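Student: Protein chains in written order, with my numbering: chain S, 1 to 255; chain E, 1 to 252.
FYI, nobody ran anything at the bench for these hints, they're computed from the structure. Wrong hints could be hidden among the right ones.
A few chain S positions that, by computed beta-carbon distances, are all more than 12 Å from chain E [to be verified]:
1. Leu10
2. Arg38
3. Ser118
4. Met119
5. Gln124
6. Leu156
7. Thr172
8. Leu198
9. Gly225
Sample of chain S residues at the chain E side, in silico, Cβ under 10 Å [claimed, not checked]:
10. Gly48
11. Leu52
12. Ile54
13. Ser122
14. Leu128
15. Met131
16. Ser132
Since we're looking at a predicted model, the values are computed, not measured. All residues carry an ideal CB built from backbone N, CA and C; glycine is no exception.
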Amino acid sequence: MIATLGRYTLASLREIGRISVFITKGVRCCFTPPFYFREILRHIISIGFYSLPIVGLTAIFAGMALALQMHVGFTRFNAEGAIASVVLIGITRELGPVFAGLMVAGRMSSSMAAEIGSMRVSEQIDALMTMSVDPYKFLVAPRIISSVLTMPFLVLIADIIGVMGGFLVATTLLDYSTGSYITQTANNFELWDVLSGLFKAAAFGFSIAGFGCYHGFFSDLGARGVGRATTSAVVSSCIGILALNYLLTALFFGA
Amino acid sequence: MRNIISINNIHKSFAGLHVLNGLSLEISEKETHVILGQSGCGKSVLLKCLLGIFEVDSGEITVAGISVNDKQRSKEYMQKFSILFQGNALFDSMTVIENVEFGIKQSLKHKHLNSKEIRKIAEEKIISVGLESRVFDIYPAEMSGGMQKRAALARAIAVEPEVLLFDEPTSGLDPITGGLICNLLRDTVKKLGITSLTITHDLKVAEFLSDRVSVINKGTVAWIGQAKNMKNCGNEFVEEFYRASNVISARH
Numbered sequence: 001m002i003a004t005l006g007r008y009t010l011a012s013l014r015e016i017g018r019i020s021v022f023i024t025k026g027v028r029c030c031f032t033p034p035f036y037f038r039e040i041l042r043h044i045i046s047i048g049f050y051s052l053p054i055v056g057l058t059a060i061f062a063g064m065a066l067a068l069q070m071h072v073g074f075t076r077f078n079a080e081g082a083i084a085s086v087v088l089i090g091i092t093r094e095l096g097p098v099f100a101g102l103m104v105a106g107r108m109s110s111s112m113a114a115e116i117g118s119m120r121v122s123e124q125i126d127a128l129m130t131m132s133v134d135p136y137k138f139l140v141a142p143r144i145i146s147s148v149l150t151m152p153f154l155v156l157i158a159d160i161i162g163v164m165g166g167f168l169v170a171t172t173l174l175d176y177s178t179g180s181y182i183t184q185t186a187n188n189f190e191l192w193d194v195l196s197g198l199f200k201a202a203a204f205g206f207s208i209a210g211f212g213c214y215h216g217f218f219s220d221l222g223a224r225g226v227g228r229a230t231t232s233a234v235v236s237s238c239i240g241i242l243a244l245n246y247l248l249t250a251l252f253f254g255a
Numbered sequence: 001m002r003n004i005i006s007i008n009n010i011h012k013s014f015a016g017l018h019v020l021n022g023l024s025l026e027i028s029e030k031e032t033h034v035i036l037g038q039s040g041c042g043k044s045v046l047l048k049c050l051l052g053i054f055e056v057d058s059g060e061i062t063v064a065g066i067s068v069n070d071k072q073r074s075k076e077y078m079q080k081f082s083i084l085f086q087g088n089a090l091f092d093s094m095t096v097i098e099n100v101e102f103g104i105k106q107s108l109k110h111k112h113l114n115s116k117e118i119r120k121i122a123e124e125k126i127i128s129v130g131l132e133s134r135v136f137d138i139y140p141a142e143m144s145g146g147m148q149k150r151a152a153l154a155r156a157i158a159v160e161p162e163v164l165l166f167d168e169p170t171s172g173l174d175p176i177t178g179g180l181i182c183n184l185l186r187d188t189v190k191k192l193g194i195t196s197l198t199i200t201h202d203l204k205v206a207e208f209l210s211d212r213v214s215v216i217n218k219g220t221v222a223w224i225g226q227a228k229n230m231k232n233c234g235n236e237f238v239e240e241f242y243r244a245s246n247v248i249s250a251r252h
């Protein structure tokens, strides 16, 4: 029993150490040349452009559901007038970044792990090394850079679409007046709410790329190994996003 | 002729399993050397130790006087080689010509070239391995195994290495394509006048390509000599390997 516990503890510590070394190397490579701009651009398109539809859909439904829930809840306290501000704050501070982060994690973290894992299996990483190309610079750094740069833009779009979703439900289903909803939204708008969400988005981007690359880089050989790496990448990056969300919320808005 | 590759008493083990046990080997400049052995005998590990991908536990590897452990000259060391990987290892995200160009761009020898000159060299190399210009802009996954092998060879020779390494060059190819690739490899090495080191378990490939053959058994070199002398070399393992290879060929 104690031996098993000890083995698990040591394995966990080893894993934490390996992740720390990997992330440190990856981050260092983000700031030292050579920079593979073509790779960065490729990943910006892959993460940003191709994730737009799912992020947009998630945001609009989140905004719509939030407006509906707030209407039902606030009616109990005769506070229906606060819906617009709650939707605005809820979307920009929490739901926009977190939902976008989780959706992009599901899409991109798995894709990064699968791509890098397959490159490991098919000796493409060895090929890079024989060409004196640092795999961290060519594979990890461009993904981290593009993910960190792209996520805030995705979240900004998600914020706009999410708030629009709330507006649509409130004005069409719940009989709110268009003018007063817009006025209330504008009056309650605070730049810091949006900015805090964008900072979170950048941190989530780091989690997505970091865990995606890590699990791909150290995937076991064979199809099963790559499959396992893909699953682990999604799980780890989602947990990373939720943990970072709490930490950053406490940092930005904690008492 | 002077030795270009010198492997001296190297050991490598994984989790207590000894894969290389005091292996030593000298390969001369412009020699076409083949390393032959059973699956799992340590051929690929030797290759990865030579490339610096695996660090040896003990022993010394030098190529053209540079040690694999000389971190300050590691880029210079690596650029002595080019390798044709077993699975070709072409980059999926790049077209054929981009793969070849990418190799050239990393080469110290070609540092001064502009993108047009790099493109021209890449095109020449792709044509020289028997591919047509229509493959320039297609992705590796869209090509057959034989075409991928040729494209990988184009990428390998484009950097003008001193040593070309071939890891199981005919693996996964049908006999006709395998024969064509063997001819292409032999002609390419002859034309470039460079050293080549091939790793294979296929005796026919070894006979066809080699000046000298090293047979590896239990992590060390069991025998070195010309392939034609393997049959009666006096080494029990090598003779058995020779007989078994010919039995398989005869059955087919």
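Student: Taking the closest pair, is the beta carbon of Ser118(S) still more than 12 Å from chain E?
Tutor: violated, 8 Å
Student: Run the C-beta distances from Leu156(S) to all of chain E and say if the shortest one exceeds 12 Å.
Tutor: Consistent with the label, Leu156(S) stays out of reach of chain E, its closest Cβ about 28 Å off (over 12 Å).
Student: Is the interface hint satisfied for Ile54(S)? The criterion is a beta-carbon contact with chain E at less than 10 Å.
Tutor: violated, 22 Å
Student: Does the closest beta carbon of chain E sit nearer than 10 Å to the beta carbon of Ser122(S)?
Tutor: Result: holds, 5 Å to nearest chain E Cβ.
Student: Please confirm whether Thr172(S) is truly not at the interface, meaning its C-beta sits more than 12 Å away from all C-beta atoms of chain E.
Tutor: With a cut-off of 12 Å, Thr172(S) remains clear of chain E, as the shortest Cβ separation is near 45 Å.
Student: Take the shortest C-beta to C-beta distance between Leu128(S) and chain E; is it under 10 Å?
Tutor: holds, 8 Å
Student: Holds or violated: is the Cβ of Met119(S) farther than 12 Å from all Cβ atoms of chain E?
Tutor: violated, 8 Å
Student: Closer than 10 Å between Cβ atoms is the bar; does Ser132(S) clear it against chain E? Give me holds or violated.
Tutor: Since chain E brings a Cβ to about 5 Å from Ser132(S), closer than 10 Å, the hint holds.
Student: Please check whether Met131(S) passes as an interface residue: C-beta within 10 Å of a C-beta belonging to chain E.
Tutor: Where the cut-off is 10 Å and the nearest Cβ of chain E is about 4 Å from Met131(S), the hint holds.
Student: Over 12 Å from every CB of chain E: does Leu198(S) meet that, or does the non-interface label fail?
Tutor: holds, 29 Å
Student: Mind verifying the non-interface call on Gly225(S)? Its CB should be farther than 12 Å from each CB in chain E.
Tutor: holds, 15 Å
Student: For Arg38(S), which was marked as not at the interface, is the minimum beta-carbon distance to chain E over 12 Å?
Tutor: The claim breaks: Arg38(S) does not keep its Cβ more than 12 Å from every Cβ of chain E (closest is about 9 Å).
When the structure is compared with the earlier hints, violations turn up for hints 2, 3, 4, 5, 10, 11, 12 and for no others.
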